[in-house]
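Take these sequences, add in the hints, and give me the full structure.
Heads up: the sequence lines are chains S and G, in that order. Quick note: the first sequence uses our numbering, first residue 1, plus one each step. Quick note: the second sequence uses our numbering, first residue 459, plus one each step.
Simulated from the structure, these hints should not be mistaken for laboratory data. Bear in mind that the values here come from a model prediction, so they are computed numbers and not experimental data.
Facing chain S, according to a computed beta carbon distance under 10 Å, are these residues of chain G, among others: (1) Y620; (2) K621; (3) D624; (4) L647; (5) T730; (6) G733; (7) Y743; (8) V747; (9) F750.
Below, a list of computed lysine-lysine pairs in the DSBU-like style, where the Cα atoms sit at most 30 Å apart: (10) G:K596 to G:K615; (11) S:K284 to G:K615; (12) S:K271 to G:K636; (13) G:K723 to G:K596; (14) S:K82 to S:K397; (15) S:K271 to G:K615; (16) G:K596 to G:K696; (17) G:K723 to G:K615; (18) S:K284 to G:K636; (19) G:K464 to S:K78; (20) S:K61 to S:K78; (21) G:K464 to S:K82; (22) G:K464 to S:K61; (23) S:K155 to S:K402; (24) S:K82 to S:K61.
Label-pair restraints from in silico Cβ distances: (25) G:S623 to S:P72: 28 to 38 Å; (26) S:D204 to G:T541: 50 to 60 Å; (27) G:F600 to S:D204: 50 to 60 Å; (28) S:D450 to G:A785: 54 to 64 Å; (29) G:G513 to S:S98: 23 to 33 Å; (30) G:I503 to S:P72: 49 to 59 Å; (31) G:K723 to S:Q193: 53 to 63 Å; (32) S:S97 to G:G513: 21 to 31 Å; (33) G:N543 to S:G319: 54 to 64 Å; (34) G:M468 to S:E302: 53 to 63 Å; (35) G:N693 to S:Q292: 49 to 59 Å; (36) S:V260 to G:F552: 27 to 37 Å; (37) G:I612 to S:P317: 19 to 29 Å.
Ideal Cβ positions, reconstructed from N, Cα and C, are used throughout, including at glycine.
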Amino acid sequence: MKNQRTRKGLATIAVIAVSSLGLAACADDGDGGSNEVSGDAPGAGRAECAQLEQFGDLTGKEVSVYTSIIAPEDAVHKESYKVFEECTGATVAYEGSSEFEAQLVVRVQGGNAPDIAYIPQPGLLQTLVRDTDAVVAAPDPVSENVDEFFGEDWKAYGTVDDTFYAAPLGANVKSFVWYSPSMFEENGWEVPQTWDDMVALSDDMVDAGVDPWCAGIESGDATGWPTTDWLEDVVLRDAGPDVYDQWVNHEIPFNDPAIVESLDRVGDILKNDDYVNGGIGDVKSIATTAFQEGGLPILDGECGLHRQASFYAAQWPEGTDVSETGDVFAFYLPTTSDEFGTPVLGGGEFVAAFSDRPEVQAFQTYLSSDVWANEKAIATPGGWVSANTGLDIANLKSPIDKLSAEILQDPEAVFRFDGSDQMPGAVGAGSFWSEMTNWITGADTQTTLDNIEDSWPS
Amino acid sequence: MSSTDKLVQMVIAVVLFFAVMGVILILTTKLRSRTGEKVQAAAFIAPSLLLIAIGLLYPALRTIYQSFFGSAYEPLVGSEGGTFNGLDNYRQIFTNDDLLQVLQNTAVWVVLTPLLATGIGLVYAVLIDRSRFEKVAKALIFLPMAISLVGASIIWKFVYDYKGSDQSQLGVLNGLLKAAGFDTYRFLLTEPWNTLFLIVIIVWVQAGFAMTILSAAIKAIPDDIIEAARLDGVNGLKLFRYITVPSIRPSLIVVLTTISITTLKVFDIVRTATGGQFGTSVLAYEFYVQSFRSFNFGLGAALATLIFVLVTPIVVYNIRQMRRLEAR
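And the structure:
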C-alpha cells in the first residue's frame, strides 16, 4: 500500500513538473530595456567604432538576427560581426533557416519576431510593413549611411510608403553568363558584345557539335525562379527600365505585348532543341535539373553557356579555377540594343528591425556602414558583394566578386531589383514560378503570361 | 531579457504551479466522499481541457472563421480588417482548375495509398509468418519506417533521376531502362503518372507499419481455430480468405484508417520531390503554399478546414474501431 502511494506521488510530481515547464515557456516576455545611453562604449576611441560610440556601453545586451543565409555562408557573416561586438560589448545571436520567408511571417504573426531580419525580397518587406505594423523605421544614423554609401535606387527598395525601413546589406548580380575561358580559347570563340553576337556564337557552338546552352530550374518548392530571372533580364534589355518598373508594379498587365515579345526571345534560346540542354537532356529536362547542377556540364565541355547570377560561383566543385583565364568565368549578359544603357538585374538583402532597442539600432548602423562592408569582404573568400560604395574592391578576393562590384558601382549601370521578389507573394513566389515551369515543359508564351496575369491579386 | 531573468521567471512559475496543485491535492484528498473524487477528477482534467481549448480548439475555430474572408493581402495579424466574402474561398476550391487538380490528386492518394500499403503489408506478413528468416525479412521491410518522409523523398528522387537517353544515367530506374535498351523516362514530370510514382514513396515507408501491426494480429489468432479449419479441409488461399482476414479485421481497419489520415496530411513528399509542380500538388501542400508563400490566408484556411472535414469521419471511425479492438 505504501509503495503504491509513493508511486502515485512520484507520478503527480512528474505531471506537475512537465506542465509547469510548459507554463514557464508561456511566461510573459516583458521587455524592461531602457533607451538611455549609459557608459562609454568598450571600443571608444577606435576609428572603426566611431559611428557606434553614440550608443554607449551595451555590454551584456544581445541582438537576435534571423536570416535565410545558412551554413556554410553563415560562418563568414558571424566573423564580420566581431568588430561590432568589440566596439559595443553587445553580442549577436545568429539564426539561419532555409524556411526563412515563411517562418518569418509566422514568427511575426505569433508575436515572436527577431530583432533583425535580413529580407531578400522588397515585396516581403512591403507586406510586413503594411500588414503587420511590426517593422520599425530605420534610425537616422542608418538613413545617413545609406544616403552616403548607396544609390537612390537601393534606398527606394528599402522604403515603403515614404518611410525608410531597411538598409541594403549584400547584393548579387544576376546578369551574368558563365562560360569556360579555356574552352573558348581552344575553339577560337570570343566573349560576345551584343545579343546577336551571342546568338551567332551559339550557332557556332552547334556547328562544333556542342549544345551551347545548359540550364536547370529545379529548386524544390521554388522551382522555376531561374526562368523568371531570364525574362526579367530580357525585359530590361528589350523594353527598358521604365517599362520594367511598370510591369513589376502592375501598371501595365503582366501579359503586355512587350513582355510577350521578351519571353519569346527567351524561348528562342531555352526552348530551342538545338541549343539546350547541354549534357543533360532535351528542353523538358531543364524543369527537373537542379539549378545548382544546371551549369556543371560546362566543366565537361558538354555545353558552352549558362546564364546564372554571381552567386553561382559557389556551385563549382572545389579546385575549379574561377578566373578570366581559368576553367570557368562569367561575362555580362549582352544588351539587345544601345537604347537603354547597361541594364543590370540583381538582388540583395535588406536589414529590417522589429525592435528599437539601442543595441538593435547600433547593429543596424554597423551593418549599413562601410566598415562592415569591408569587414565582410575581408572575411569572405568568395561569393559575396555589396552595392555599398564604401566597399574597397581590393578587399574582395574572388575575381567574379570584383567584376560584380565593378558593375554595381559603375555610374553607367541601370540597376533594377529582381522583379519577382517585388511582386505580391501570390505571383512572385507563386504563379510566376509555376507557370514559367509549365512554359518550359510545353505551355505556350501567351497562355503562360495570361495565367500569371489572372493570378495577380486584385 | 537576459537568461537569468528567464530562469528566475521559470522558477517562480514552477513554484506557483506546485503551490496551486498542492492546495488542490490537499483539499481534494480531505474530501473522501464520492463528490470528493469528482472534484479531484475535475481539478486534474480542468487544466488539460483549458490547454486543449487554447492550443487546439481556438486555433481550429479561428481557422474556420478566417476561411470566410478575402484572399491575398489580408492583414496578417487578425483577419478583422479583411473583407468577408462568405463561401467564396470554398467556391474557388471547387471551381478553379488548378485546385480541382489538387482535389483529384488528393483523392488518388487517399484511395491508393492505404490499399497498397495495407495490401503489401498483409501479403508480406502472411508470407513470412513462421518462416525461417522471419526476423530478417521483417527488419528489411520495417527499415524505411525509420526514415523521415523527406529523407525517403530525396532517396527516391535519385532513383527517379532523369537524363537524356544518350547521357550517362544517375537514376537507378533510368539506368535499368537504358541498359534494357529503352528510352529514359521522366518519372517526376510526366502527368498524370508522376502522382503514382510519388505514392510509391509513401507506400514504401508505410508498408512496414502495416506489416508490423498485421503480423502481430495474425500471431494472435488462436491456434485451435486454424487447426479446426485445417481439419475441415480449408487450406491456402481459402484459409487466408475465410479465417485470417476475418480474424484480423479490426486491426486491418485500424491500419487502413491510420494510413488514410497520414495520407490526407501528406506534405513532405510532394514538397521535396516535385515542389507541387507538374500537377502533383495535394491539399496539405496547397494549404501551405497558399498561406505562407502567397499570403493567401483566406484560401489557405479554407483548404485547412477542408482537410479537417475530410479527416474527421475517418478519425471517429478509427477511434471506435480501436475501442472495439481493446474491448476484445
